[in-house]
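Trainee: Residues per chain are reported as follows:
Number of protein chains: 2
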Amino acid sequence: MNSEIASQLKWNDDGLIPAIVQDAESGRVLMLAWMNADALDRTLNSGEAVFWSRSRQQLWHKGETSGHIQKVKEVQLDCDGDGLLLKVEQMGGIACHTGRESCFFRTAENGEWAENASQIKSPKEIYGDV
Amino acid sequence: MNSEIASQLKWNDDGLIPAIVQDAESGRVLMLAWMNADALDRTLNSGEAVFWSRSRQQLWHKGETSGHIQKVKEVQLDCDGDGLLLKVEQMGGIACHTGRESCFFRTAENGEWAENASQIKSPKEIYGDV
Chain S
0 MNSEIASQLK WNDDGLIPAI VQDAESGRVL MLAWMNADAL DRTLNSGEAV
50 FWSRSRQQLW HKGETSGHIQ KVKEVQLDCD GDGLLLKVEQ MGGIACHTGR
100 ESCFFRTAEN GEWAENASQI KSPKEIYGDV
Chain A
0 MNSEIASQLK WNDDGLIPAI VQDAESGRVL MLAWMNADAL DRTLNSGEAV
50 FWSRSRQQLW HKGETSGHIQ KVKEVQLDCD GDGLLLKVEQ MGGIACHTGR
100 ESCFFRTAEN GEWAENASQI KSPKEIYGDV
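Residue numbers (numbering that gives the first Met the number 0), protein chains in the order written: chain S, 0 to 129; chain A, 0 to 129.
Keep in mind the hints are simulated off the structure, nothing from the lab.
Treat the hints with caution; some may be incorrect.
When chains are identical, the list treats them as one kind, so a pair holds in a single copy or across two.
Result set (SDA-like, lysine to any residue): computed pairs, CA atoms no more than 25 angstroms apart in a straight line [unchecked claim]:
{"hint": "1", "residue 1": "Lys9", "residue 2": "Gly110"}
{"hint": "2", "residue 1": "Lys72", "residue 2": "Leu15"}
{"hint": "3", "residue 1": "Lys72", "residue 2": "Asn35"}
{"hint": "4", "residue 1": "Lys72", "residue 2": "Glu100"}
{"hint": "5", "residue 1": "Lys120", "residue 2": "His96"}
{"hint": "6", "residue 1": "Lys72", "residue 2": "Gly110"}
{"hint": "7", "residue 1": "Lys72", "residue 2": "Glu111"}
{"hint": "8", "residue 1": "Lys72", "residue 2": "Ala23"}
{"hint": "9", "residue 1": "Lys9", "residue 2": "Gln118"}
{"hint": "10", "residue 1": "Lys9", "residue 2": "Thr97"}
{"hint": "11", "residue 1": "Lys123", "residue 2": "Gly62"}
{"hint": "12", "residue 1": "Lys70", "residue 2": "Pro17"}
{"hint": "13", "residue 1": "Lys70", "residue 2": "Ala116"}
{"hint": "14", "residue 1": "Lys72", "residue 2": "Ile4"}
{"hint": "15", "residue 1": "Lys9", "residue 2": "Ser52"}
This is chain S alone, in the form it adopts within the complex (with noise of 0.2 angstroms):
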């Protein structure tokens, strides 16, 4: 990685940052997901969006299965070096595995968490039978 974007970076224990996503268009944030030095690599490199999958230990280049790639327009870091935001342009209309535009589906509401969005495919149509 370039020296200058790496040393504002500040890795967790585990060498990695939560990237959170957001729709460059709409404003929805769509997902936080988590990214080591590779997958910002990667990611600034090619413009779709590849992160660190912290269940599958390894690299995920977002939508290489669904198809829903995430285009990169920008890529913004905070103030202490210990987060980023990525607004994209997302394939399919949908961030989410369970076939959502968001894995922010769930709005707490009188005690409860209520569904505050639907499917826009199941994840059947999206993956087949898996």
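Once you have looked at the hints, place chain A on chain S.
Mentor: Just chain A now, with coordinates in the frame of chain S:
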């Protein structure tokens, strides 16, 4: 905390969850902070954002010193239960301790972090001589 709310949350090894803060009206992402169970409880009960300060290791009622309180309009949870999104009304229009609207005031441009927003107030104006 209400058990229905708590049951869907996944805290990290430090008992924390990241919380994205977004201006409810403009859609601008203001900051990324962290909450423990007590902070989330107080936020839900009071309607004002309370975080866990990792640097000070104590509860942090955002705006307590500066007056830049965040009135919480909505609390959303992501699909994996390990990320929160707060939609807020930002008192004073300043979320960042540097005196800017948003903590995300640097954008990656040509291998450097370029400032994308200027200060609304100086930290001295906000906090006095500290």
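Trainee: All the hints need checking, so say for each whether the structure fits it.
Mentor: Results of checking the hints against the structure:
With identical chains, the CA atoms of Lys9 and Gly110 are at most 25 angstroms apart between copies only, with a shortest distance of 17 angstroms across copies and 35 angstroms within one. In this assembly of identical chains, Lys72 and Leu15 lie within 25 angstroms of each other by CA distance solely inside one copy; the values are 21 angstroms within and 30 angstroms between copies. Taking CA atoms no more than 25 angstroms apart as the test, Lys72 paired with Asn35 passes inside one copy only; the shortest distance there is 19 angstroms, against 32 angstroms between copies. For the identical chains of this complex, Lys72 and Glu100 are neighbours both inside a copy (18 angstroms) and across copies (21 angstroms), given an alpha-carbon limit of 25 angstroms.
Taking the shortest alpha-carbon separations for Lys120 and His96, only the intra-copy value of 10 angstroms comes in at or below 25 angstroms, while the best inter-copy value is 41 angstroms. Taking CA atoms no more than 25 angstroms apart as the test, Lys72 paired with Gly110 passes between copies only; the shortest distance there is 15 angstroms, against 37 angstroms inside one copy. Taking CA atoms no more than 25 angstroms apart as the test, Lys72 paired with Glu111 passes between copies only; the shortest distance there is 15 angstroms, against 35 angstroms inside one copy. In this assembly of identical chains, the alpha carbons of Lys72 and Ala23 lie at most 25 angstroms apart whether taken from the same copy (7 angstroms) or from different copies (22 angstroms).
Proximity of Lys9 and Gln118 under a CA criterion of 25 angstroms is satisfied inter-copy only: 23 angstroms between copies versus 36 angstroms inside one chain copy. For the identical chains of this complex, Lys9 and Thr97 are inter-copy neighbours only, at 18 angstroms across copies versus 31 angstroms inside a copy, given an alpha-carbon limit of 25 angstroms. In the homo-oligomer, the alpha carbons of Lys123 and Gly62 lie at most 25 angstroms apart inside one protomer (15 angstroms), although the nearest pairing across protomers, at 45 angstroms, exceeds that limit. Taking identical chains as interchangeable, the C-alpha atoms of Lys70 and Pro17 lie at most 25 angstroms apart whether they share a chain (18 angstroms) or sit on different chains (24 angstroms).
Taking the shortest alpha-carbon separations for Lys70 and Ala116, both the intra-copy value of 23 angstroms and the inter-copy value of 23 angstroms come in at or below 25 angstroms. Taking the shortest Cα distances, Lys72 and Ile4 sit within 25 angstroms of each other inside one copy (17 angstroms), while across copies they are farther apart (35 angstroms). In this homomeric assembly, Lys9 and Ser52 come within 25 angstroms of each other (Cα to Cα) both inside a single copy, at 19 angstroms, and across copies, at 16 angstroms.
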